[in-house]
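Peer 1: Sequence:
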Amino acid sequence: VIVTIAQLDVHSLEYENCSFNIISAKYLIISYINIFSKISVLYLYVSDGPVILESPVHPVTEGDPLTLRCLLHNTKSSDLTAGFYKDGLLLQNQTTGEMIIPTVSKSDEGLYHCKIPEKGESPQSWISIRGEKALYSAMNLVGVSVGVSLTLLFIFVVLILLWFYKTNKGLKIHSAHLCLR
Numbered sequence: 001v002i003v004t005i006a007q008l009d010v011h012s013l014e015y016e017n018c019s020f021n022i023i024s025a026k027y028l029i030i031s032y033i034n035i036f037s038k039i040s041v042l043y044l045y046v047s048d049g050p051v052i053l054e055s056p057v058h059p060v061t062e063g064d065p066l067t068l069r070c071l072l073h074n075t076k077s078s079d080l081t082a083g084f085y086k087d088g089l090l091l092q093n094q095t096t097g098e099m100i101i102p103t104v105s106k107s108d109e110g111l112y113h114c115k116i117p118e119k120g121e122s123p124q125s126w127i128s129i130r131g132e133k134a135l136y137s138a139m140n141l142v143g144v145s146v147g148v149s150l151t152l153l154f155i156f157v158v159l160i161l162l163w164f165y166k167t168n169k170g171l172k173i174h175s176a177h178l179c180l181r
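Be aware that the sequence shown starts at 1, since it is given in the numbering used here, and climbs by one per residue.
No lab work stands behind these hints, which were simulated from the structure alone.
Incorrect hints may have been included.
[Claimed, not checked] Quick list of in silico lysine to any residue cross-link-like pairs, SDA-like style, CA-CA up to 25 Å:
no. : residue 1 : residue 2
1   : 169       : 157
2   : 106       : 120
3   : 115       : 89
4   : 86        : 140
5   : 119       : 93
6   : 86        : 144
7   : 86        : 118
8   : 115       : 73
9   : 86        : 101
10  : 106       : 63
11  : 86        : 124
12  : 119       : 89
13  : 86        : 66
14  : 119       : 54
15  : 106       : 59
16  : 115       : 94
17  : 86        : 102
18  : 86        : 131
19  : 86        : 58
20  : 115       : 60
21  : 86        : 123
22  : 106       : 66
23  : 119       : 85
24  : 106       : 64
25  : 106       : 73
26  : 115       : 67
[Said to hold, decoys possible] Listed next, with one range per pair, are the computed distances between beta-carbon atoms:
no. : residue 1 : residue 2 : range
27  : 61        : 169       : 56 to 64 Å
28  : 152       : 54        : 48 to 56 Å
29  : 141       : 64        : 56 to 64 Å
30  : 107       : 143       : 41 to 49 Å
By construction, the Cβ of each residue, glycine as well, lies at the ideal position given by its N, Cα and C atoms.
Put together the whole structure using the sequences plus the hints.
Peer 2: Quick look at the structure:
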């Protein structure tokens, strides 16, 4: 069950139209969708079943790993055989109850859930993927620019020194010939 409960202003963190009653929910999973825009919709996932999909609340950065865990209420064992689904299609079955995507890409974005045989399935959880970290990209660009600039400056200084050396060497030879005459 997905219920829209509020509009969230990320800059002021004020909630509007936020009134709801939950009587029999056992698990609440909150997800922020589109956190980079000023207004986002806050979704509340309510499940009264025993199976929970443990997933990140915030968007995952492209290139980072993603770990999803299928958990059973009141059970500490992580050795559960679970099927992991994306957009309703089975991705893989795991005997560890855990699915790892080592390097996520934009194509990994979607609705995920898991199923534990004879126990049930988790509510769907939206996994959002954002682009590469802009800070690192900008830092790489600055680093490359500084490196290229310093290399060009070094080459320019070496060329000037060679020119001075050649010019001064010619003058010394010329003045030596004048003294010998």
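Peer 1: Does each hint hold? Answer for all of them.
Peer 2: Against the structure, the hints come out as follows:
In summary, the hint linking residue 169 to residue 157 is supported, as the alpha carbons are separated by about 18 Å, within the 25 Å threshold. For the suggested pair residue 106 and residue 120, the alpha carbons sit about 29 Å apart, so the restraint of at most 25 Å is broken. For the hint pairing residue 115 with residue 89, the CA-to-CA distance comes to about 12 Å; that is within 25 Å, so the pair holds. Proximity of residue 86 to residue 140 is assessed by CA-CA distance (about 34 Å); at most 25 Å being required, the pair is judged violated.
Note on residue 119 and residue 93: the hinted pairing holds, with a Cα-Cα distance of about 15 Å set against a maximum of 25 Å. Using a Cα cut-off of 25 Å, the hinted pair residue 86 and residue 144 is violated, with the two alpha carbons roughly 39 Å apart. For the given pair, residue 86 sits about 20 Å from residue 118 by alpha-carbon distance, which is consistent with the 25 Å threshold. For the hint pairing residue 115 with residue 73, the CA-to-CA distance comes to about 13 Å; that is within 25 Å, so the pair holds.
This hinted pair checks out: residue 86 and residue 101 have alpha carbons roughly 12 Å apart, not beyond 25 Å. A distance of roughly 9 Å separates the Cα atoms of residue 106 and residue 63; the hinted pair therefore holds under the 25 Å criterion. Pair hint residue 86 plus residue 124 holds up; C-alpha atoms about 9 Å apart against a cutoff of 25 Å. With a CA separation close to 19 Å, the supplied pair residue 119 and residue 89 stays within the 25 Å bound.
Restraint check for residue 86 and residue 66: the C-alpha separation of about 13 Å stays at or below 25 Å, so the hint holds. With a C-alpha separation of about 16 Å, the suggested pair residue 119 and residue 54 falls inside the 25 Å cut-off, and the hint holds. Our distance criterion of 25 Å between C-alpha atoms is met by residue 106 and residue 59, whose separation comes to about 11 Å. A C-alpha spacing of about 10 Å is found between residue 115 and residue 94, which places the hinted pair at or below 25 Å, so the restraint holds.
Distance hint between residue 86 and residue 102 is fulfilled; the C-alpha atoms sit about 16 Å from each other, no more than 25 Å. Distance restraint check for residue 86 and residue 131: the Cα-Cα separation of roughly 20 Å lies within the 25 Å cut-off, and the hinted pair is therefore satisfied. As the CA atoms of residue 86 and residue 58 are separated by approximately 17 Å, the hinted pair is consistent with the 25 Å bound. A threshold of 25 Å between alpha carbons decides the hint, and for residue 115 with residue 60 the separation of about 23 Å falls inside it, so the pair holds.
With a CA separation close to 12 Å, the supplied pair residue 86 and residue 123 stays within the 25 Å bound. A C-alpha spacing of about 12 Å is found between residue 106 and residue 66, which places the hinted pair at or below 25 Å, so the restraint holds. A hinted pair counts as satisfied when its Cα atoms are at most 25 Å apart, and residue 119 with residue 85 qualifies at roughly 16 Å. Distance check on the hinted pair: residue 106 and residue 64 sit about 11 Å apart at the alpha-carbon level, within 25 Å; holds.
Of the pairs offered as hints, the one joining residue 106 and residue 73 is violated, with about 31 Å between alpha carbons and a cut-off of 25 Å exceeded. Straight-line distance between C-alpha atoms of residue 115 and residue 67 comes to about 16 Å, which keeps the hinted pair within the 25 Å bound. As the Cβ distance of residue 61 to residue 169 is approximately 58 Å, the hint placing it in 56 to 64 Å holds. The beta-carbon spacing between residue 152 and residue 54, approximately 52 Å, falls within the hinted interval of 48 to 56 Å.
At about 20 Å, the beta-carbon gap between residue 141 and residue 64 misses the expected band of 56 to 64 Å. Between residue 107 and residue 143 the CB atoms are about 29 Å apart, so this pair departs from the stated range of 41 to 49 Å.
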